[in-house]
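Enquirer: Here is what each chain is made of, one letter per residue.
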Amino acid sequence: MPKAPKVTKENLLPTLSLLALLSLFLWSYTFRYFLFGSAALEGDAYPYLGHIRFYLENIVQGVYPLWNPFSENGNVNEFFLRRIGEFNPFYFFIVLLNKSGFTFAIAHRLFLGAYFLLGVAGFYLLGLRIFRDRTVALTAALLLLFSSWGGKVFESFIVLELVPFLWFAYFVTAFVQTPSRLFLLGATFSLMIINITYIPFYFYTIFFIFVFVFLIIYRSQIFEMMRPAQNFIAKDKIFTGICCVLLVCSLVPGFLWYKAARQGEGLSAPRHVGAQSSDTNTATVGISKINEGGILPYYIIDRQFVNLDKLRLDDFYLPFFIFLMFIAGLWTPLNRKFVLFFTFGLAMFLIGLADASGIHAALYKYIPFFKYFRNLQFFLWLAVLPVSILFVAGQIHSFLQQRSKNLWTIGWIITAHAAAVLFCLLLGTKGFSTYLVILFSLAWMLLMIFSGKNKKLGLWLLWAAVVIQPFDVLGHLAEHYPPVAAERFPYDNTYALSLPTPKEAEKILSLQKLPSIDGMYIPAQPYFAISWYYEALGQIEYPILHRFISAPFLLYDSVRSTGKDKIDYALLSKSMAGFKNVAFIHTDRPLVMDAQGSPQAKIITAGDPTFEILKLNVNSLTVKTSFPTDQFLVWSQNYHSQWRAYIDDKQKPLFRTNILTRGLHVPPGQHIIRFEFEQTRRYILAYFFIALYAAILGNILWLAYHSKKYV
Amino acid sequence: MVGLSLKEIRLRFFDLFFKRIFFLVVIVFVVFYITVDRHLLKVKTLNFLMPDAQNMKELNEHPEEMERQKLTSLLIYYKKVCEFEANDPEQPAPCSFAAYAYYYLGKTKKAVQYYEKAAKSNPYFFWFRYNLGAIYFNEARYDKAAEQFQQALTIPPPNSMYFLTLTKTYKDLASLLKLNTDMFIDNLYDGYAQAKKLFVISTLLKNDPGMKTQLDVQKIKLRLY
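The listed protein sequences derive, respectively, from chains A and B.
So in the working numbering, spot 217 of the first sequence is number 217, and the numbers just go up one at a time.
So in the working numbering, spot 44 of the second sequence is number 44, and the numbers just go up one at a time.
DEER-style ranges, computed between Cβ atoms: (1) A/TRP460 with B/PHE17: 31 to 37 Å; (2) A/TYR372 with B/PHE17: 39 to 45 Å; (3) A/TRP460 with B/LYS168: 52 to 58 Å; (4) B/THR108 with A/GLY293: 36 to 42 Å; (5) A/LEU614 with B/LYS70: 49 to 55 Å; (6) B/MET50 with A/ASP649: 57 to 63 Å.
Hints in this document: simulated from the structure, not taken from any laboratory.
The C-beta atom is built at its ideal place from N, Cα and C for all residues, glycine as well.
Use the sequences and the hints to build the structure in full.
Expert: Okay, here's the thing in structure tokens:
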């Protein structure tokens, strides 16, 4: 296959462009409540807003936030950065909008909408590459646009995965057909985004299954297909080599996170439940946890055809036209494309069924990376939905090419549409729009058969058949959601360590009687926290723990070493409850401090002349101390082995204290103490990646601008 | 087909069925029915739809004050259970819960339909007939109400207790709401007494609708159980 066939030349470009713009407008209008902040974000979309906001608000100040002091008394932020894929340069679109006057929440929503539309644009280009027909490609894009993906954008985070998936598919297809630097770099960049966002194993599962099926179906043509790409790579070794190096670089953040997870300090206990005890990597997921999820076909069918008026953001939905076209096109002759899409889609569907099909269990057992992801229902959204659309687009393409006037064909089309009406009536499908779709679809097909020249009218009928029902159905989505309350985050204020006033400190210390646990807020198990925090939650009553860590800094005159393993939690609990003037450090290293001070530890208060905060950001803290005697300073945030302490630029041991906090011996006199999370090289690496990703995107845009042909 | 050889007919048949998208649909069904554990899928669907304890409590205590959305999600769940347990002796219970939710959503016809379905599957449970009678009574259809109350009163109480204490749906509900056997017995006792009274009133009203004002029936709005 030396060159891709040319795109069918039609004078329909103005009509297609108008329909595309109209569709964008309709989609934006349909989701206006979500785009402009009137309806609340749901599900995971809401915490992701928090993660992205936290990241952007720090990065614009030049701070790459590896530590999150707002989360669960201090948390490793790498976990959340991996989820969002922080090096994605498109995030700066949010910053631009924010600086232009939009609130962060609105800027974020507009970004989500625009990012999804970018994905749809990639899907259009992919359709164009596969079918070489603008009408078919636009129809496929509209089917994706008006599927439940539109709602999913505001309910989940997986749009952050969908968009690079679609663009990767486009760039690879384009590169195989017409190799160029633009497409190779584009595919590389898409894969780099995939590698840093959430869990790339979803993509790799989809990719390897697709490649496997492709190799089986196209085995006789594969060498011919790959020849142009091979020749390109042979000619442009340096550029190809650079792309390979870039890909390897993109694996570094994930690898670093994997390494950190093996150490076990950051833990997602709900996720890790059921994992084998031999599996010390806290990022693994137990098979029982995975099997709780999966694709639920009975639920999907119910939502798709019967209870459309109850559709919610997270429900799976395809425009009714897809089913009409599928049934009307049942007698379309098979070709390799259909077999490819079908086999791949079926394989992904079966894997997505989790324990209901047994395939996933085998993959989990024999392929290591299957232990690191659990939401198998994502395959429905990321693979089955797009490939179903491509399948039906193939049927549309066949129909438009043949337009058979055969009586059987016409009879079947009419029968299929009549059966659809009956089907809807029997199921009690609500809403007039579904019946309108059937009408427009029938009108379009008959027009194409009998009057193929009237293409503009045909386009409008086809567009109406695709768009009418979803416009009606999705337009009601916002009705199911309450108006959004002002979105409050722990990050609403700039990070500041506010020290208590002396009166407040007295109050904290004087609460000798513990309030009863009944009526006291006990937080649900954190989704992700430092393992010491989980330990403290499990061993110490929450009211005691909560009060103890409410004082940011404590000073102790005495220290006891408990050793690493044998911790007397009852003793600790009593000590923490009474703020006894003994800090318990969990180390085998002996550190003796046994001064006879007051019976209670001292809470550092605002205005204390012996303690001054000089510099503060989420990753570091610099203070000036001038204690008259030896003190053991405890910072009540969670301990983590990557926190380092320096006194006058000399590194000193930082101890895990009272189960979860961090403590440091401070000698008397004036000192500058610096606490830092992670080493400098880690930050340099992060800034390098931010610049690298932005540079690659810039390069792609430059190549696209100068490219003669990219469709 | 006339004039075609057997080979040509076979080729045409092969072309018509095996070289068409229709064949892929057949494969999907075959694969789905052979390899997929459909029962497990049903169970997972039900687990996914299962309402939380707070909603169940509200449904039991203040159904008329429940938010529509919550009632709808309960309805969807019980309808699904009713559908999945079509051949199960336990089926009447979730069907009756669906009927209950339908009633408080204002869909009386559907409520009657599901209670009729439940009563048909298990004619020996007092509350199905009682609730049907209550619905008809509230709709001022006293002839039908009288019929249902009379049928309810003919059901021996032990049959109803048997169903209440052994059906999974009721057992789960009892465990969730901390109901015990004594409470069931008390409710049943009150129910029979109420049904007797309502049967008499319905019969009187059926024969003499003019008695409505005398009996002050407009003020009676029967609760379902």
